[in-house]
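Colleague: With chain A's structure known, arrange chains B and C on it following the hints.
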Amino acid sequence: MKKIIALLFGALLLLADTEFAEPKPSIDNPRKIVFPITHGDDESINHVLSSANNVMKFYGPEKVMIAIICYSKGIRTLLKKEKKIAARVRSLMTYDVEFIACGNTMRTKNIKKEDLIEGVEIVTAGIVELVERDLKGWIYIRP
Amino acid sequence: MKKIIALLFGALLLLADTEFAEPKPSIDNPRKIVFPITHGDDESINHVLSSANNVMKFYGPEKVMIAIICYSKGIRTLLKKEKKIAARVRSLMTYDVEFIACGNTMRTKNIKKEDLIEGVEIVTAGIVELVERDLKGWIYIRP
Amino acid sequence: MKKIIALLFGALLLLADTEFAEPKPSIDNPRKIVFPITHGDDESINHVLSSANNVMKFYGPEKVMIAIICYSKGIRTLLKKEKKIAARVRSLMTYDVEFIACGNTMRTKNIKKEDLIEGVEIVTAGIVELVERDLKGWIYIRP
Chain A
1 MKKIIALLFG ALLLLADTEF AEPKPSIDNP RKIVFPITHG DDESINHVLS SANNVMKFYG
61 PEKVMIAIIC YSKGIRTLLK KEKKIAARVR SLMTYDVEFI ACGNTMRTKN IKKEDLIEGV
121 EIVTAGIVEL VERDLKGWIY IRP
Chain B
1001 MKKIIALLFG ALLLLADTEF AEPKPSIDNP RKIVFPITHG DDESINHVLS SANNVMKFYG
1061 PEKVMIAIIC YSKGIRTLLK KEKKIAARVR SLMTYDVEFI ACGNTMRTKN IKKEDLIEGV
1121 EIVTAGIVEL VERDLKGWIY IRP
Chain C
2001 MKKIIALLFG ALLLLADTEF AEPKPSIDNP RKIVFPITHG DDESINHVLS SANNVMKFYG
2061 PEKVMIAIIC YSKGIRTLLK KEKKIAARVR SLMTYDVEFI ACGNTMRTKN IKKEDLIEGV
2121 EIVTAGIVEL VERDLKGWIY IRP
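Protein chains in written order, with our numbering: chain A, 1 to 143; chain B, 1001 to 1143; chain C, 2001 to 2143.
Bound conformation, chain A alone (with noise of 0.2 Å):
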């Protein structure tokens, strides 16, 4: 009786989680979300990569599309000279995560194109970016 009350239990805790909202992800229809990088530490940049991996995980990788729109100081994530962070950016592109990065910061900051990993998209101005993905329908979370 015991371990039926405790499966029970169980069963209601996992009937807590999120409930998508109408209509359900699917992979004709898949979430579609945007994050933003614009700090420059290891802690924040891979804070957000790791939110990537889990939502993707969640969601399954084909119901799901992500972008990363890098800015500001967060361009880091996406040169070629920071190999640790590099391997986890191309990883994530195998599983079509967007990379983008800010021309203003670029430009500002001195990086060529021949500095970001290969693959990587350039805008002129991630906020924009940001703005238009948004009217698109992407959802925008700052992780």
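By construction, these hints were calculated from the structure, which means they are not laboratory data.
Incomplete in silico selection of chain C near chain B, CB under 8 Å:
hint, residue
1, 2132
2, 2135
3, 2136
Below, simulated DMTMM-like cross-link-like pairs (lysine to aspartate or glutamate); rule was C-alpha separation at most 25 Å, straight line:
hint, chain 1, residue 1, chain 2, residue 2
4, A, 83, A, 41
5, B, 1109, A, 41
6, A, 32, C, 2022
7, B, 1081, B, 1115
8, C, 2024, A, 134
9, C, 2136, A, 22
10, A, 113, C, 2019
11, A, 136, C, 2019
12, B, 1063, B, 1098
13, B, 1063, C, 2132
14, A, 57, A, 17
15, C, 2136, B, 1017
16, C, 2113, B, 1019
17, B, 1136, A, 17
18, B, 1109, A, 43
19, B, 1073, A, 19
20, B, 1024, C, 2132
Computed spacing ranges between beta-carbons, pair by pair:
hint, chain 1, residue 1, chain 2, residue 2, range
21, A, 108, B, 1080, 43 to 49 Å
22, A, 98, B, 1118, 40 to 46 Å
23, A, 118, B, 1080, 47 to 53 Å
24, C, 2019, B, 1030, 33 to 39 Å
25, C, 2112, A, 46, 42 to 48 Å
26, C, 2022, A, 46, 34 to 40 Å
27, C, 2061, B, 1118, 50 to 56 Å
From the three backbone atoms N, C-alpha and C, an ideal C-beta is built for every residue, glycine too.
Modeller: Quick look at chains B and C alone, frame taken from chain A:
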């Protein structure tokens, strides 16, 4: 005469306050607001808890629903052993403010359900909860 | 031939820039963007003011409306006595950027109306202003 002008001027200042969006908040149609807590220092945590208080005072507790999602270092907000913070959390709970813990963070930091203040909900991933609330029409603000 | 390829390649890079959401920004239908300032250090404040500048440069000042809401330590942005910052604020005001002070913060920090730069609006609660703007279709971004 001067007094009348002063009174009129005072009225004009009041009129400059926030204009409600339509439909206006009401008991049947309360504002729904979701705040994250991601930092673990007293100041950051108290800032969000005070923000919840201010928002409730402004709308009136029956015209607003507030959910506070704690993840990363912000999970400290929800620990029983942090007695001062826990007192504030419990006080907000009496006004039906929801407090939600990120299960991923709990696993990473080895925090057990029994370490959390009674009444806290647990979800698999704090950020996913933010995404789904947003899609259900909650307003996401990072205080 | 190499030159032509280089030119084409340059064109492709340009094409990778931010695509506008529909309807595109126009004088009749400008983008509406709201930024908070919540930190009081020079770097944080200047980061948001520069973001406002970059966004205006991108869209053109007549195709974007920007409101900057200052609360908590960010209220420093709006103090007359901070002459360097005040000069930047006044310069943005000439482009119709709105600056809004949180009344709750002013009361807590004992800041008077006359301490603020002329032209600043005051609302009861900065976060409520963010919520209501969001519901009126403004895009909330934390730069």
